[in-house]
Amino acid sequence: MSRRQRLTLFSVVALGLSGFVLWAMTDLRSFGDYAGTYGVLLNKVGVSERHASNVVGAIVFDFRGFDTLGEEFILFSSVMGVAFILRSSLKIKDQRPLDAVSNDATRTVGGLMVPIVLIMGLWLAAYGYVTPGGGFQGGVAIASAAVLVWTATSYRAFARLTPAPTLDAIEGAGAAAYVVVGLVGLGLDGAFLANFLPLGTAGTLASAGSIGLLNWASAFEVAAANILLYREFFQEYVQTFPGVREER
Amino acid sequence: MILQLISFTAVMVLGVLVVLSFDPLRQVMVNGVFGLSLVVLFVVLQAPDVGLSELVVGTVAFPLVLLATIARTKETQRPK
Amino acid sequence: MAYYPFVVAAVLFIVGLYGVVSSRNYIHLAVCLTVMQSSTYLTLLAIGYVHGGTAPIYVGFPKHTRAVDPVVQALTLTDVVVSVVVLALILALTIQAHKRAGTVDPDKMTEMHG
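Protein chains in written order, with this note's numbering: chain A, 219 to 466; chain B, 577 to 656; chain C, -15 to 98.
Hints listed in this document are in silico derivations from the structure and should not be mistaken for laboratory results. Treat each hint with caution, since some may be false.
From the derived model, a few chain C residues whose C-beta atoms are all more than 12 Å from chain B [said to hold, decoys possible]: (1) Thr18; (2) Gly44; (3) Pro46; (4) His48; (5) Asp53.
Covered stretches of chain C (chain A as the covering partner; in silico rule of three or more C-beta atoms under 8 Å from a C-beta of chain A) [as the list claims (entries may be wrong)]: (6) -9 to 1; (7) 86 to 95.
Each residue gets a CB set at the ideal place from its N, CA and C atoms; glycine is no exception.
Let's have the full structure, built from the sequences with the hints guiding it.
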């Protein structure tokens, strides 16, 4: 089917599809007129039952913790898939690609900002159940500190700081820790991913029981998965530089 | 109310512009602005967690993987 | 204003679908796919909005203030982080396809080779 035929067929179908979509959308309740009961109930009992002032964090790691387990394994297997697909290309182990930043100002300021971004990512992950944040956001922010290392210096510095076996271990440990905490909850309380630690006072770090453990497990897993992903893409990118010799 | 109207309209216009930019490099830049408008929209809709997620992802991860792929798939298209 | 967010979401979906169908470059296709994903985030958050509601975070608020629905926010949050990893998977396939066929044009890669 040629391109023109494809586009004509698409425009006919799109008209029908958009008609259906708009008809379905106007059947919903109007914007702002919320009538569900699950959300109202969770808002009412979320803080008093779990002592976590961020109700969204409590939902992600406790009330609907099983969905988060599924999402973590999506992340895990996608990174495995990317590493598998891009693994057949050349590996550059001890090369010197000509990508070192030579400007002193960039290197200094960029290098000084790496610990700041790292601390901010750790803070976002730690206070996930008190204020907006959480394991997922904090994990990506920690991974962006590693990207800053590459941007401010060179590929060799980045590769030295983030060795692949360590990252593999951290990622696997994070995913496994989530399942282990769930199984401990099963053993102690009779339900998978039950909250078994003592709940403290809401609004402080020492609260929300085992949500804190799950929070940190997912932060490590997301951070390690993201850095592994960026490593694969950096290796692809660095091969476009002149002077990169392949490793036979 | 006015803020919500402006944010929704900005998201719609920028979304259409993202699809209509055919050069991949230009599309990466427009996608960055689209991500920022999404962050503003999420905060206006009282969802700070989602806004944080979209911010860290759309600023760091998206442009990185896209630019690496563009660099990798462009270099052998030059005539030898 | 009652249905405007849903109209915006529908427009984003259809426009993204047009981009996917008529694309000449796999990278452009992947980004249009993310535009379609953003329309689903919009729909979810617009369904959960409450007039005059605040964010569902109770630091310093009394517990009975009206807040927006937290469940849809929890669903959207993990979705956003996972979508970038799935995008990376699509782009890895693009890189491999470019190595085999020398082009990133979907129209030119119509034959299957062994």
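- [ ] May I ask which of the numbered hints given earlier this structure violates, with the numbers listed in increasing order?
- [x] Checked against the structure, the hints that fail are numbers 1, 5 and 7, while the rest are satisfied.
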